[in-house]
Amino acid sequence: MSDLPEIVRGWIGQKRHEEIGEFDVERGFVLTGCSSVENGNPIYWDEEAAREITGGWIAPPTMISVWCRPHFWSPYRDEEGLALRTHFDLKEQLDCPEAIMSADELVFYEPVRMGERVKQYQVLRSVTGPKTTKLGTGRFWNIEVVYENMKGDLLVREEIAGFGYKKEGQ
Amino acid sequence: MSATKIRTLEDVKVGDQLPELPYDVTATTVAFGAIATRDIRPMHHDKDFAQKRNGLKDIFLNTPNLAHWFERYITDWTGPKGRPGRMKFRMKGSVFVGDRMVFRGTVKDVSTDDKGCGWITADVNVDVDDATMTSCEARFALPTSADDNPWARKGDDWQP
Numbered sequence: 598m599s600d601l602p603e604i605v606r607g608w609i610g611q612k613r614h615e616e617i618g619e620f621d622v623e624r625g626f627v628l629t630g631c632s633s634v635e636n637g638n639p640i641y642w643d644e645e646a647a648r649e650i651t652g653g654w655i656a657p658p659t660m661i662s663v664w665c666r667p668h669f670w671s672p673y674r675d676e677e678g679l680a681l682r683t684h685f686d687l688k689e690q691l692d693c694p695e696a697i698m699s700a701d702e703l704v705f706y707e708p709v710r711m712g713e714r715v716k717q718y719q720v721l722r723s724v725t726g727p728k729t730t731k732l733g734t735g736r737f738w739n740i741e742v743v744y745e746n747m748k749g750d751l752l753v754r755e756e757i758a759g760f761g762y763k764k765e766g767q
Numbered sequence: 002m003s004a005t006k007i008r009t010l011e012d013v014k015v016g017d018q019l020p021e022l023p024y025d026v027t028a029t030t031v032a033f034g035a036i037a038t039r040d041i042r043p044m045h046h047d048k049d050f051a052q053k054r055n056g057l058k059d060i061f062l063n064t065p066n067l068a069h070w071f072e073r074y075i076t077d078w079t080g081p082k083g084r085p086g087r088m089k090f091r092m093k094g095s096v097f098v099g100d101r102m103v104f105r106g107t108v109k110d111v112s113t114d115d116k117g118c119g120w121i122t123a124d125v126n127v128d129v130d131d132a133t134m135t136s137c138e139a140r141f142a143l144p145t146s147a148d149d150n151p152w153a154r155k156g157d158d159w160q161p
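Protein chains in written order, with the numbering used here: chain P, 598 to 767; chain B, 2 to 161.
Misleading hints may appear alongside valid ones.
Here are some of the chain B residues that sit facing chain P, going by a computed Cβ distance under 8 Å [said to hold, decoys possible]:
no., residue
1, T38
2, P65
3, R73
It is worth saying that the hints were derived from the structure and are not from the lab.
Even glycine gets a Cβ: it sits at the ideal position worked out from N, Cα and C.
Required output: the full structure, derived from the provided sequences and hints.
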């Protein structure tokens, strides 16, 4: 990793972009998510099932990123809100105009409940040296994202693998 | 509702196959999925951008929405007491407008941990034209009996 810019080397293993979601977890958006994939699981639709099985309404665990993604526009920002900012920081610092996600692992802990506010932070775990694939030349990186509620309960731990690259001739 | 049968651990054995779920992907599927995950990046709603900037054939499903598709597919089979513990995705290709995606899954492990929680691990794929676009190794908790409930587990009793 000695060929990495110093600023990027300094990010590895450090907590970055600690952010609190801009709105509370709410059931209307849970149902929008369920509707988008035709998820008829009664714990999201039937109050009695939710009470008996999950102790009240919860959000589908895979919807975790929804609660921390910034609004696309906000009166409190001059720029577009970006999720997973470490990924975009790496694209900029490593001169990789393109990027894809190649793997994602989600580990689920406490359920996400209505009315909670979700906070998250990111830790850059690793960056490879330059690699050439059929997409172009760039680097692979791993970013860990930790989601908690405001009581500090761990909700989800996520590890995302990305490949930032330049196309040939770009 | 689709996820009403409650499957217990004793109902499952290694090699069991989950029922296939085919689904024809439209522009609405992709755009609605992006909105439902609050993902406004243009490659998930703007065909011109996807083609001219990304060099792709069309807009495509975003990763968070695809994760919810996998969760829905597995809990359709487990029933509502099926609790996600861990999902590990490998993205190999994209699912585009016009594709017929097919979810397929096979149970590869059935176990009980030292806290008495029942677990299944399944390999689940979403395929298009018999090529896998995303694979997922999914570890879900299942009740060990009719009166067990994995969702009631907390702290050290929950080891995903």
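Now the hints, each set against the structure:
no.	hint	verdict
1	T38	holds (6 Å)
2	P65	holds (5 Å)
3	R73	holds (4 Å)
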